[in-house]
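Asks: As a plain string of letters, each chain reads:
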Amino acid sequence: HKYLFIFTEEINFTAILTSPSISPLRHSPWGKKMAARIHGGAGAGAATALSTFNPKKLVAPSRTNLPAARSSKRCIVAAAGSDASKSLRVGHSQKLIANAAVATKAETSATTGTGHELLLFEALQEGLEEEMDRDPHVCVMGEDVGHYGGSYKVTKGLADKFGDLRVLDTPICENAFTGMGIGAAMTGLRPVIEGMNMGFLLLAFNQISNNCGMLHYTSGGQFTIPVVIRGPGGVGRQLGAEHSQRLESYFQSIPGIQMVACSTPYNAKGLMKAAIRSENPVILFEHVLLYNLKEKIPDEEYICNLEEAEMVRPGEHITILTYSRMRYHVMQAAKTLVNKGYDPEVIDIRSLKPFDLYTIGNSVKKTHRVLIVEECMRTGGIGASLTAAINENFHDYLDAPVMCLSSQDVPTPYAGTLEEWTVVQPAQIVTAVEQLCQ
Amino acid sequence: MALSRLSSRSTTLLQPLATTSLLRRRHISTDTTPITVETSLPFTSHLISPPSRAVETSSQELISFFRDMALMRRMEIAADSLYKAKLIRGFCHLYDGQEAVAIGMEAAITKRDAIITSYRDHCTFLGRGGGLFEAFSELMGRTTGCSKGKGGSMHFYKKDASFYGGHGIVGAQAPLGCGLAFAQKYSKEEAVTFTLYGDGAANQGQLFEALNIAALWDLPAVLVCENNHYGMGTAEWRSAKSPAYFKRGDYVPGLKVDGMDALAVKQACKFAKEHALKNGPIILEMDTYRYHGHSMSDPGSTYRTRDEISGVRQVRDPIDRVRKLIIAHDIATEKELKDMEKEVRKEVDAAVAQAKESPIPEPSELFSNIYVKGFGAESFGADRKELRATLP
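Sequence order for the protein chains is A and B.
Using UniProt numbering, the letters of the first sequence correspond one by one to residues 1 to 438.
Using UniProt numbering, the letters of the second sequence correspond one by one to residues 1 to 392.
Quick caveat, the hints were computed from the structure, so don't treat them as lab data.
Honestly, I wouldn't trust all of these hints.
[Said to hold, decoys possible] No more than 30 Å apart at the CA atoms, straight line, and that leaves these computed lysine-lysine pairs for BS3-like:
| # | chain 1 | residue 1 | chain 2 | residue 2 |
| --- | --- | --- | --- | --- |
| 1 | A | 365 | B | 373 |
| 2 | A | 161 | B | 278 |
| 3 | B | 247 | A | 156 |
| 4 | B | 159 | B | 346 |
| 5 | B | 188 | A | 161 |
| 6 | B | 335 | B | 188 |
| 7 | B | 188 | B | 241 |
[Unchecked claim] Chain A regions said to be covered by chain B (calculated; three or more residues, Cβ under 8 Å):
| # | stretch |
| --- | --- |
| 8 | 171 to 179 |
| 9 | 338 to 347 |
| 10 | 398 to 411 |
Given the structure is predicted, the values throughout are model-derived calculations rather than measurements.
Yeah, the Cβ is synthetic: ideal placement off N, Cα and C, and Gly gets one too.
Work out the full structure: start from the sequences and follow the hints.
Replies: Now the structure itself:
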């Protein structure tokens with residue numbers, strides 16, 4: 001499988017595009033698994049609302065380099081059993097690079113034309129709505145999800161369509177309504193519990209850990225808890241320490257739950273649907289800053305595999321593992337790295353618990369170097385667990401120690417510059433890759 | 001647990017009605033002739049008019065009360081011995097003294113109504129139709145236990161009888177119970193959920209959160225506070241500013257019930273079920289008492305006097321109350337009741353013996369039922385060489 005990467009001249013970080021040619025791939029002779037990977041790779045859509053971080057200040061590559069003009073290794077055409085992909089010619093990409101402002105439109109003309117464009121929160125809503133249509137047991141509960149439409153508009157319009165009992169506005173009591181969702185799930189309902197901000201779910205930690213994760217085990221298999229607990233987390237734009245938490249590190253030890261993190265509209269919808277259909281409790285981590293990502297997704301129904309990692313950009317020199325918002329920082333750094341002559345393989349791990357060690361392992365065996373870029377804290381974060389897992393399982397294949405770039409172990413400060421320094425920035429990623437690849 | 005032996009008994013003489021007493025003696029040739037008994041104490045209520053003190057019961061029901069309570073009592077005492085013999089480990093919270101709550105509740109509801117309770121769940125499990133063998137196996141950690149030996153004393157569940165456990169964290173079952181009630185309302189089953197918690201848990205915030213939600217959405221939830229007056233080692237008056245737990249619902253009606261009187265419990269639960277189906281949540285406070293300490297590691301006498309315990313046992317014991325009723329109504333003789341208790345004892349001993357013979361779980365059971373459908377991943381033991389299992 002191959003990808004077309006269209007790198008832009010734009011200083012503004014927001015215009016990294018890839019070709020989404022999704023529908024032709026779906027009919028390919030490859031299984032859905034392969035398709036999902038490719039779709040994932042093609043899915044890093046235009047990030048229209050990402051950080052105002054100006055790459056011009058920290059990244060010092062020449063902006064006149066056109067990757068398309070370089071060796072074919074770095075500009076790969078999306079191959080599939082379809083003619084539509086042939087239209088993604090290298091020359092076409094050069095035109096796009098010259099004028100990124102129309103890149104979005106050109107994107108649509110490059111594909112077969114099916115599929116529709118939407119923002120990530122709309123993709124989540126679509127997935128949720130489809131599942132609610134499909135199964136009357138699916139219900140949503142959370143603060144302001146009903147009449148208000150959801151604080152991030154993920155549940156907009158659902159209350160009008162499905163009624164107050166299926167889209168429940170709860171009072172502000174995370175412990176109680178999470179417990180309520182779990183109790184309802186014990187009888188067979190499939191609640192989707194929204195935490196307005198992931199950080200608030202700390203109040204429901206007992207319910208999530210003891211009842212959600214463990215009931216299937218302690219009841220000897222009698223009860224299944226098919227809940228989906230979702231909400232936005234991560235470092236936003238100067239939201240303050242308490243509203244910028246990354247809970248994946250706290251929940252990762254709970255036995256019995258699954259954790260996934262979405263990063264593009266495509267995988268957001270796919271993971272939402274898969275999570276709802278799963279019999280296990282799933283925690284779906286969204287990110288506050290990714291809700292306005294725009295991408296074109298297929299009209300047809302599709303689901304992403306919950307336990308699978310997504311190959312964003314195949315490469316040869318180094319494996320970069322990332323998830324959620326850091327994916328975009330990595331791709332930004334990848335652009336610089338490619339200019340410098342490196343060929344990073346970028347994998348969006350997506351499944352935070354359990355790790356997709358199959359994909360990761362294959363990558364490690366190919367590149368022999370691993371860099372983990374995450375937004376979690378250094379201590380006890382997802383990266384820490386992943387480092388341990390890789391060292392344990394693939395030690396013989398490593399040519400260099402696994403490096404993990406995480407956020408600083410500090411409460412997220414309010415001041416903008418300080419907040420920027422808390423999270424990993426593309427320049428740091430570039431430096432780390434250079435260090436590892438020596 | 002209907003008693004077939006009674007039907008072969010001869011009838012007694014009809015006694016004339018005592019004008020001052022509401023007890024009416026009837027023929028006992030038919031087991032289900034209704035008998036009306038007055039509860040020991042009147043109901044105290046909050047925001048609602050209490051049900052009548054006159055409870056309808058029958059000889060069959062009274063005998064089944066007696067037998068079931070005797071069974072529960074015997075089971076708890078056997079669990080006590082097993083714990084001291086180190087066959088049951090960890091935590092073991094015994095329910096003896098409180099049997100009337102479980103029994104009375106069962107008499108008022110069906111198996112479609114859900115019950116969820118805390119860790120003091122052995123007798124509630126039995127009341128829901130759980131077997132002695134499953135209970136003892138689970139206590140001893142055998143595969144034949146109701147949770148396959150992986151739950152333990154605090155995690156008894158019986159899904160087909162709508163018994164949702166069995167929860168170790170104090171008060172955590174309150175939101176779960178409201179969730180069960182929510183699901184019942186969502187699926188339009190005409191059933192209620194009884195969420196039991198103790199006087200210790202009554203101070204948990206999540207209880208009030210759940211109560212607010214239940215009242216807001218008119219969920220068919222009956223919250224039952226089993227007030228045995230001690231939250232572990234802390235007496236009620238030392239932990240609660242307002243020990244009138246039935247009033248704590250504020251906008252939710254409440255009823256205070258003598259929890260040692262199985263008939264009063266039955267009446268209250270029947271009343272509560274009708275109320276919850278129509279009007280939303282209601283709180284029942286069961287004034288009850290536990291003879292054992294909080295758990296087996298607590299002697300139970302450091303924070304209360306032995307005189308108090310024996311006093312309650314003499315005056316308010318639930319089994320003795322039913323025994324007196326049965327004898328007063330000539331349903332059975334003292335000797336017959338004693339024989340019944342001996343039979344129960346034999347039954348419990350047999351179950352214990354059988355459970356002792358049961359197998360312990362296989363090592364692969366460590367990894368089963370973590371996820372509903374696993375991922376085929378391999379899992380290693382601590383030394384990464386010996387214990388291996390494939391997550392199913």
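Asks: Look at each hint and say if it fits the structure.
Replies: Here is how each hint holds up against the structure:
{"no.": "1", "hint": "A:365 - B:373", "in the structure": "28 Å, holds"}
{"no.": "2", "hint": "A:161 - B:278", "in the structure": "27 Å, holds"}
{"no.": "3", "hint": "B:247 - A:156", "in the structure": "39 Å, violated"}
{"no.": "4", "hint": "B:159 - B:346", "in the structure": "28 Å, holds"}
{"no.": "5", "hint": "B:188 - A:161", "in the structure": "20 Å, holds"}
{"no.": "6", "hint": "B:335 - B:188", "in the structure": "48 Å, violated"}
{"no.": "7", "hint": "B:188 - B:241", "in the structure": "38 Å, violated"}
{"no.": "8", "hint": "171 to 179", "in the structure": "holds (count 7)"}
{"no.": "9", "hint": "338 to 347", "in the structure": "violated (count 0)"}
{"no.": "10", "hint": "398 to 411", "in the structure": "violated (count 0)"}
In summary, the numbered hints that this structure violates are 3, 6, 7, 9 and 10.
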